[in-house]
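Read left to right, the sequence shown gives residues 7 to 381 (our numbering).
Worth flagging that the hints you see were computed from the coordinates, not collected in a lab. A couple of the hints might just be wrong.
Each computed DSS-like pair below joins lysine-lysine, with the alpha-carbon atoms no more than 25 Å apart [claimed, not checked]:
| no. | residue 1 | residue 2 |
| --- | --- | --- |
| 1 | 19 | 91 |
| 2 | 143 | 197 |
| 3 | 52 | 112 |
| 4 | 211 | 143 |
| 5 | 112 | 142 |
| 6 | 211 | 152 |
| 7 | 329 | 249 |
| 8 | 143 | 102 |
| 9 | 52 | 91 |
| 10 | 36 | 19 |
| 11 | 91 | 75 |
| 12 | 211 | 311 |
| 13 | 152 | 102 |
| 14 | 219 | 288 |
| 15 | 211 | 91 |
| 16 | 197 | 142 |
| 17 | 249 | 19 |
| 18 | 91 | 219 |
| 19 | 36 | 142 |
Everything numeric in this text was worked out from a predicted model, so none of it was measured.
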Amino acid sequence: MYGNSQRTNSYEKLGTFWSGLAYVERLSIKDTTGFAVAPLALSENKLVAATNSGSIAFFEHTNLLWEAKLDDSEFVLSNLVADSKENIYFLSNQHKLHSYSATGKKNWTIIITTTSSIFSNLLITNDAIYFSSEDKKLFKVALSGKIEWTLELPLQTTPTFAESEGNLIINITHNDPYSSDSVICIAKTGKIRWARGLEQTRLIKSPVISNGKIYVIGYNLTERTNNGIIVCFDTLGNTIWSKNLPIIPRFVSISQTDEIFLILYNLGIGETLSAIYKLNNKGEIVARQFVSAIFYSPIIISERKIALLGYTKDIPSILFFDKELNLIKTIDLSKTPPLIVQPAVLTDCTIIFATFSRPMVVRIDENPIIKLLPW
């Protein structure tokens, strides 16, 4: 999810997204309750999904390889993550952190001691899993299942955070637009290396790291203004540049060449408008586009196309643009079962969504004949 541990939302290494058709495919599993969280894409077009009633299912395309069931009344609460050997990790509603092998064998289960029932997204690195809880605790768990440390934070984290070269980059927030939030850098030993406050700014979503630069987005409110902001730091926490925005940014994505793509929301007269901005690595706006839509997940980036999932005039749709923000295609998803809005991208560069009412996936692909053509 999010492209990598730096949360760039870039899938450019996989190629260019297919954008021809939406295929609805039923998955042959015993549990028919539908899916609880976004699916996780693995190598060779494999996919892991978790159902509403606590089953974990491992697929190759739509072919079921194995299915495992959690204890009674237990279900997956967090996102799914995997290590380089494709061991799978997730948190359940019973405060259990589970690990399963790629063959369906349970590796281990540990209890997370906290009074909180709300957790951040899991972040997996080469050697550990990190996550925070609503009671301001940050956990580091080794891939062997050992809790290495727990760090008390001064504020809650945003739901997602990032990692670069073993250091965590985390937004901590008062959840109040009139207060001052901070970006903090935490070493793998659990010590805070630096913290940078942003005066009267509420930080949202996840920091994004690309080519040694850290990007955070947020907004500040005064009696007269409602301003968005994006700030670029280096890995030592020094501000490289900062830019005020006339609209509140909701998501940020970064290409491999440091093109910055923002989704921003603006309430128009009688309709809801979203803005898409493209910035260069100096923070200058080089393109913008306004769409009568609401987008619920970040822009995902491929070699020649970007994709956005949202609602256009109350119709669920996936929209494809080129990198200059020209609209290429809109695919109507109103006839598919309701989707979990966070997509997975398989290694053949097809976009996959899970549905939460039935055990189905929606695959954004191309007509097979077109895929064979040389152009």
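Hint check:
With a C-alpha separation of about 20 Å, the suggested pair residue 19 and residue 91 falls inside the 25 Å cut-off, and the hint holds. Among the hinted pairs, residue 143 with residue 197 is consistent with the structure: their alpha-carbon atoms are about 13 Å apart, no more than 25 Å. Pair hint residue 52 plus residue 112 holds up; C-alpha atoms about 18 Å apart against a cutoff of 25 Å. A hinted pair counts as satisfied when its Cα atoms are at most 25 Å apart, and residue 211 with residue 143 qualifies at roughly 18 Å.
At roughly 29 Å between alpha-carbon atoms, residue 112 and residue 142 are farther apart than 25 Å, so this suggested pair is violated. For the proposed pair residue 211 and residue 152, the alpha carbon gap of about 28 Å is over 25 Å, so the pair is violated. Under the criterion of a C-alpha separation no larger than 25 Å, the hint pairing residue 329 with residue 249 is consistent with the structure, at around 21 Å. For the proposed pair residue 143 and residue 102, the alpha carbon gap of about 16 Å is at most 25 Å, so the pair holds.
For the hint pairing residue 52 with residue 91, the CA-to-CA distance comes to about 13 Å; that is within 25 Å, so the pair holds. The hinted pair formed by residue 36 and residue 19 fails the criterion: a straight-line CA distance of about 35 Å is larger than 25 Å. Our distance criterion of 25 Å between C-alpha atoms is met by residue 91 and residue 75, whose separation comes to about 22 Å. Using a Cα cut-off of 25 Å, the hinted pair residue 211 and residue 311 holds, with the two alpha carbons roughly 23 Å apart.
Our distance criterion of 25 Å between C-alpha atoms is met by residue 152 and residue 102, whose separation comes to about 13 Å. For a cut-off of 25 Å, the pair hint linking residue 219 to residue 288 stands: about 11 Å separates their Cα positions. Restraint check: the Cα-Cα separation between residue 211 and residue 91 comes to about 29 Å, which exceeds 25 Å; the hinted pair is violated. At most 25 Å may separate the alpha-carbon atoms for a hinted pair to count; residue 197 and residue 142 meet this at roughly 15 Å.
Restraint check for residue 249 and residue 19: not satisfied, since their Cα atoms lie roughly 29 Å apart, outside the 25 Å limit. For the suggested pair residue 91 and residue 219, the alpha carbons sit about 29 Å apart, so the restraint of at most 25 Å is broken. Among the hinted pairs, residue 36 with residue 142 is inconsistent with the structure: their alpha-carbon atoms are about 38 Å apart, more than 25 Å.
Consistency note: the structure conflicts with the earlier hints numbered 5, 6, 10, 15, 17, 18 and 19.
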